[in-house]
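Peer 1: So you can see what is in the structure, the chains are spelled out below.
Number of protein chains: 6
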Amino acid sequence: MAHKFINEIEAGQTIDDIYIVRDPILRSTTRGDLYIAMFLSDRTGQVNGRMWQATETIYRTLPKPGFVHVQGRSELYQNNLQVIVNNISIVDASKVNVDDFLAKTDKDIKLMFEEIKRTVGQIKNSQLKALVGAFLADSELMEKFCNVPGGVKLHHDYIGGLLEHTHSMLRVAAAILPLYKQVQADLVLAGIFLHDIGKTEELTYDMVFSYTDSGQLIGHINKSLIMINKKADALRAKGTQIDQTLLDTLGHIILSHHGQYEFGSPKLPATTEAFMVYYIDDLDAKISQVTAAIENEPSDSNWTAWKSALQTRLYRKRLE
Amino acid sequence: MAHKFINEIEAGQTIDDIYIVRDPILRSTTRGDLYIAMFLSDRTGQVNGRMWQATETIYRTLPKPGFVHVQGRSELYQNNLQVIVNNISIVDASKVNVDDFLAKTDKDIKLMFEEIKRTVGQIKNSQLKALVGAFLADSELMEKFCNVPGGVKLHHDYIGGLLEHTHSMLRVAAAILPLYKQVQADLVLAGIFLHDIGKTEELTYDMVFSYTDSGQLIGHINKSLIMINKKADALRAKGTQIDQTLLDTLGHIILSHHGQYEFGSPKLPATTEAFMVYYIDDLDAKISQVTAAIENEPSDSNWTAWKSALQTRLYRKRLE
Amino acid sequence: MAHKFINEIEAGQTIDDIYIVRDPILRSTTRGDLYIAMFLSDRTGQVNGRMWQATETIYRTLPKPGFVHVQGRSELYQNNLQVIVNNISIVDASKVNVDDFLAKTDKDIKLMFEEIKRTVGQIKNSQLKALVGAFLADSELMEKFCNVPGGVKLHHDYIGGLLEHTHSMLRVAAAILPLYKQVQADLVLAGIFLHDIGKTEELTYDMVFSYTDSGQLIGHINKSLIMINKKADALRAKGTQIDQTLLDTLGHIILSHHGQYEFGSPKLPATTEAFMVYYIDDLDAKISQVTAAIENEPSDSNWTAWKSALQTRLYRKRLE
Amino acid sequence: MAHKFINEIEAGQTIDDIYIVRDPILRSTTRGDLYIAMFLSDRTGQVNGRMWQATETIYRTLPKPGFVHVQGRSELYQNNLQVIVNNISIVDASKVNVDDFLAKTDKDIKLMFEEIKRTVGQIKNSQLKALVGAFLADSELMEKFCNVPGGVKLHHDYIGGLLEHTHSMLRVAAAILPLYKQVQADLVLAGIFLHDIGKTEELTYDMVFSYTDSGQLIGHINKSLIMINKKADALRAKGTQIDQTLLDTLGHIILSHHGQYEFGSPKLPATTEAFMVYYIDDLDAKISQVTAAIENEPSDSNWTAWKSALQTRLYRKRLE
Amino acid sequence: MAHKFINEIEAGQTIDDIYIVRDPILRSTTRGDLYIAMFLSDRTGQVNGRMWQATETIYRTLPKPGFVHVQGRSELYQNNLQVIVNNISIVDASKVNVDDFLAKTDKDIKLMFEEIKRTVGQIKNSQLKALVGAFLADSELMEKFCNVPGGVKLHHDYIGGLLEHTHSMLRVAAAILPLYKQVQADLVLAGIFLHDIGKTEELTYDMVFSYTDSGQLIGHINKSLIMINKKADALRAKGTQIDQTLLDTLGHIILSHHGQYEFGSPKLPATTEAFMVYYIDDLDAKISQVTAAIENEPSDSNWTAWKSALQTRLYRKRLE
Amino acid sequence: MAHKFINEIEAGQTIDDIYIVRDPILRSTTRGDLYIAMFLSDRTGQVNGRMWQATETIYRTLPKPGFVHVQGRSELYQNNLQVIVNNISIVDASKVNVDDFLAKTDKDIKLMFEEIKRTVGQIKNSQLKALVGAFLADSELMEKFCNVPGGVKLHHDYIGGLLEHTHSMLRVAAAILPLYKQVQADLVLAGIFLHDIGKTEELTYDMVFSYTDSGQLIGHINKSLIMINKKADALRAKGTQIDQTLLDTLGHIILSHHGQYEFGSPKLPATTEAFMVYYIDDLDAKISQVTAAIENEPSDSNWTAWKSALQTRLYRKRLE
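Chains as they are written, first to last, in this note's numbering: chain B, 155 to 474; chain D, 155 to 474; chain A, 155 to 474; chain W, 155 to 474; chain Y, 155 to 474; chain G, 155 to 474.
Some hints here could point you the wrong way.
[As the list claims (entries may be wrong)] Here are the simulated BS3-like cross-link-like pairs (lysine-lysine), alpha carbons at most 30 Å apart as the crow flies: (1) Lys384(G) with Lys335(Y); (2) Lys471(Y) with Lys384(G); (3) Lys283(A) with Lys271(A); (4) Lys298(D) with Lys283(D); (5) Lys298(D) with Lys258(B); (6) Lys298(D) with Lys249(D); (7) Lys307(W) with Lys471(G); (8) Lys298(W) with Lys335(A); (9) Lys440(B) with Lys278(D); (10) Lys258(D) with Lys392(D); (11) Lys471(W) with Lys307(W); (12) Lys307(A) with Lys307(W); (13) Lys471(G) with Lys384(Y).
Calculated directly from the structure, the hints in this document are not laboratory data.
Looking at chain B on its own, in the form it has when it is part of the complex (with noise of 0.2 Å):
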């Protein structure tokens, strides 16, 4: 049976499905009895969900999160439609089509992973070429780099969607910087392999997508710098050379990146590697972005809804 994605859930239907539970809340009524408050999720979305005539029992049984298995119905209150959930178990991971939870590249990441190591494995400085190295290296954070977000929304908000990102970036690189001669390629290579890799420790991304306590302290951005310093050290512990300068301009690009104070970027771009990585970074989630809002828009207009985060409506209709 195909699983009900809940945003096709209309009020007044019967549920019988598995969702993510997520932040249940045992809370008694006015009268004194007790129920769970919870949110139902999958990948189109979340809604509340309520269970009247709960008991501490179940509460405590529930996973925060986890996969359960929801029979109940759908009904309206206030503004939003919720669940009213008649019973509530435990589903074991393994028996979930993940697909159905968490959105993904419809690229293949293996192929991408291989690209990329391909594409940085053309620098030639043996500094920026030992530290890029030592990343590829670094097996476990590889298998979160071919797998966390690009963000939690706004652009490449899906499984792999950091691969994808930076797997694009660095095939505009590779096309253009033979046109920029005086543009240090191995710079511009090595800033884009690692300009998000702190989002590797900014996101979470088992159940749903979102921000660790570090990611919001601290930022990716900062954490990439972070990073980048670390694994330095390592390097140097065994001997291996780093030049300070060499990692403060690689640094520099990273803080750089997103152009703008405004934007969280406590340095502006002040060579012509860091503007490249700038440029290109923006250029192509914005391009990533508009398609998707164009894509996705419901309506048959020759334009989508506003987009605040572009201050505009985005026009669809192509040349014939």
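Position chains D, A, W, Y and G relative to chain B; hints supplied.
Peer 2: The following block gives chains D, A, W, Y and G in isolation, referenced to the frame of chain B:
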């Protein structure tokens, strides 16, 4: 004898050379004597000139502006160097080495224009092809297009600057369009070719680089928009169909290519093609601007002076 | 029977009246049944409509948009009132009281247009006179000019709104121009008459007020600029001299009349005439907007609700 | 003998004329000799003065500030012209042509004030009439009101400037109030009359135009607010009723008449009357400022120099 | 019986309790029946009320606002809970537990006020001492000062809030003034005591917290400035000397204490004392606001919801 | 003989004193003669130096930078004073009074550092205690911490400036932490101690105050973050537990302590501790900056010159 450039003159030197005279004004001192105030310039800058004991006859013979042979001496007045002019006489432009007076691209104008024609020759959409063709067939306009500077300062501020910038942008577009298949290549290529075409009417560059009245009142962005509408009307008058939708989509790319209201764009980008032209324009301009600032920095420091347009100093040291 | 206005419908009522149907879409439920989603509107607002058990035949007969007779009932769904449609049938526009569907100026359109013609008839400069005359002689355009709204919301958002706004601005100009003798009255009068003429192409107003594609891509400011350039070309083709300087000075007034880059003006005012048109436009628009907000405030409070466009609430109490 | 104006002095001239001396300081050189540093000014500007071989006796006789007869010569020091003073002696103000030292309106102060009285004499609301009357009856204040400049720079920066600006604004208001019947004319007229009354306490203008300490600490907007509250209290003490609501409505016009927070208005306009005063003030100030800039431009160019307060150059060419 | 708080009501419950009725309006349905729309509130929020089959007699008896006993039931209408009122009758305020209706500081008002008096009692400058004393002696004003909330939302939004905030600021000042000996303690203490005294006229707090008309038109900053000027005038009238310079220095602290134009300060801080009051005010307000947000967060998350006033979520986890 | 300070040199004086030479460059005149351009500086400023008839031998002996004995004379060139150098010879640093060349705190460095150690010695949390202890135990770093300036300009721009600023902030924190019991004192104390620790790597101060390349590329905020992460890793390597949550909470304070994006903070404060460190830092810096500006104002005016960093002039007059 080599031309003595304006930026090489120091106080207390004898002057005997050809310069451009601009904005001469006949004035009288508090004692009632007549003198002429003027600017003397070449491609390296300009300096105030003063001719004491002048006559109205001399004043009337002066070109406004034009080439003159100046004899006199340099001195310091208030906070500026000035040239005290003893003799001044008109020089025929044919006897002048124009390169001393106007900076020029060091690339080959003819070759760049040929490559531009080849690139936009790949446009498949018949209406866009006709429109671009009408511009290419306007030889008087193309002559200006090949020679007008890209700007008065900031970037590409030399003869052939607009051509060089447009040429470089088209190369970047040709390199990355295959990576973004959803982006309509015809619109991007036509948009880049015509994005700054109004600069041919906004800027003058016969003796010095400056703005026309029309350029300051209307601006090159809106002038470009008017020009494509007029060319379209001319084509329609000859029976070629140019849909208004196509013209508006192209016009939108032109209007929005500065990307932000405060940079003079009356519309924000609302199509993937508009975003792509905006980013390629900004990337090419900034790389050119940063490269020039780094190369022209007079000190030996690792950093250039503060660049207020970029709100930073620029780092000049390269990897070893 | 009086029309039941959209903003008077409450949940649980029987509906049997004429509305405009917009954007109907044929969809299928999760059970596979067909239904039609649509918007129903009149001049007071719009509401969602749903016709269950619809057929493709019914769907095909629906105008997109157009007048329909709707029978059904109102109910609450999620956070919105919606109308459940049992029967829907086309109504001929001739049988409809158009005033129920489109708000209209309560001033006399013909009288206002006559006064506008008298005022701009005082222009003495022969070229401006010819240019303004060419617009007045374009009866199709003047028909639109007399009817197009001044905007989709904010101010003068009703049939005849642009005319009323232009009429009021010209009255203000006529009153204060004698007080500023250095200001060139001809330019101010022509500038006001034409400052928003592009709205005739930016907005549609047959069933609802909305933007044309062209309007959203190019904007009325830039459209106005193109229109005066085309009219000038047409005059020139017939032998009337129109100096480009005059056209640029007028065009500058149009381009700068929003006064600030972030309000869509690609040029800032650079002449006394441009400043005067900018201030008269803003004054008339704000007085109109504030007056409407104060008059339409539904509560008895001395203050209106928060007006985000003005960043304040408005005070309604008058002196005694 | 005609006064030699400061802006006409060039290096190397003999000086023998009357100027205002300001901020004289007695200092000693590194060799221990005493000298006096001072500013010398007239209405065209100011210049540094140095008197070498000075004595404490001379220093003590100098007015701070006041008129002095200066004998010496002009020379260039660092980047400024300075006057080397050989002799300096006090001059009685009665022997001085004050017009050489303070710029003054070229309109008739008495006539303007009479017209202002006639215009605000039309106020019908008895409380506003009483309040305005209390200001008019304050002859000491009205004396200042007729003479204080409108500002230290930017616009109306001459004796009688506030009066001229207020007079012009009232004329504009009288011209357009009949066009906006919903706007309460009494409030607009009183608001304009009093909008900058605090400048009488913010600015001094006996020898030079400058700010009082009180003016800089509190500002004319808030001073105006305090003044109307004090005048109202004085009226109430004498038995005249002044409702607080009326006073607040008038005070709001004063507080909000700069229109934006960043221009020093602590409140944004919230009534039609406040909007009208704001726009009339800004219109009259800008027209005056632009006209002066165009008239005072020293070059023959079609454009003035860059005006940073307006973020543009200004176009000077008129229609033919 | 415990009061049923507004934020505890859910749809479908029987209502039989005391609430504040506000803004009742008598309306007629489309069928011509009369009904009363109103708001019902207590300190936890407000809800729409509807009384169908109402009469004009009932409507006239209702206080606007005031305490009423309401009998009826709760239901969902459009996107809001509303209460259908069957019976409504006036309740005497003496029979009401006021704490259910207005939030109040949990600190001791009398003790805080005593400590404030002790702290400002340390002021040595005789004029400031006299001025502060005049405020302390105004018992009607001090009664309001002890009870008015610190704001309508954001921070210290409860009875006694201004007192608590002022008390806390004075404690901070007393603690750090010894560390900055160049800062004039008398001015800082008086400045803090009086910085928001205008809130006694800006806010009402008898049934609900809201702004007075005067408060919205003029604002508490400017009201505070007027109040100190009036108190000074009263003292002067009784023979006490209050220098205008001292008053302006104190007034400047009040005017500039929001620190930035866009937060309603018409002057930026220009003395060490003004900077100190600005920072102490902002520090105390933000610590209070953040603490409240963290304590009131309903979820178990380590982070609060997004706080738009602070442009971030807040982190709630403490060190172990 | 007393040192002749740079800011005391006037044109036309004989120079025979010790200065720091910086950035010497060997150039040739248009006639082909060699000369050396250089800067000469001490703690009061810098001046251009020119040595005509120089040789490559002399050039090579010059330190870059270093102490030199200069003989020559001062003169005016263009808009700057310059020193014509006749003789130049190296001076051993041991023979120089360093205080003439670098400004220094007038407080006792050793005493301040002792008090800092006592204050952070009160930290109770064992992990924070260990982390702070690791910094205190790094004697090379603490040596820099005690001597580095607080900045290059603006505030605390002298040897020991960072120490003095940190010391003052800790005193303020110690005074007010007892007033805010919910704020975690350990985090505030550690956060202040380490908030600018990266300045030890961002700034150099051996001959002049300037930025390191690393400082300009990365910035002290991000450098501080890296330093605490490295110290934590070192502790962990030795078996001391440092939770990442604790480190991120501390790192967040450092990252957000400039309070706003445009001041280089990549994160906005999200804890009470972060807000407290931000306000104490800003308060102490501004009080120091304003005090210095008021004390150093050379004129007798009640107001300082305009301070663009504060967007105001500062008022210097104190209560009597």
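Peer 1: None of the hints should be skipped; say for each whether it holds.
Peer 2: For each hint, the structure was consulted:
1. Lys384(G) with Lys335(Y): Distance ~39 Å between Lys384(G) and Lys335(Y) Cα, so the pair is violated.
2. Lys471(Y) with Lys384(G): holds, 24 Å
3. Lys283(A) with Lys271(A): OK: Lys283(A) and Lys271(A) at ~11 Å, within 30 Å.
4. Lys298(D) with Lys283(D): Holds, at roughly 21 Å.
5. Lys298(D) with Lys258(B): Not OK: Lys298(D) and Lys258(B) at ~51 Å, beyond 30 Å, violated.
6. Lys298(D) with Lys249(D): holds, 23 Å
7. Lys307(W) with Lys471(G): Distance of about 25 Å is within 30 Å: holds.
8. Lys298(W) with Lys335(A): It holds: about 28 Å lies between the C-alpha atoms, which stays within 30 Å.
9. Lys440(B) with Lys278(D): Given that 30 Å is the threshold and the Cα spacing comes to 26 Å, the pair holds.
10. Lys258(D) with Lys392(D): violated, 38 Å
11. Lys471(W) with Lys307(W): holds, 25 Å
12. Lys307(A) with Lys307(W): violated, 40 Å
13. Lys471(G) with Lys384(Y): holds, 24 Å
The structure fails hints 1, 5, 10, 12 (numbered hints given earlier, in ascending order).
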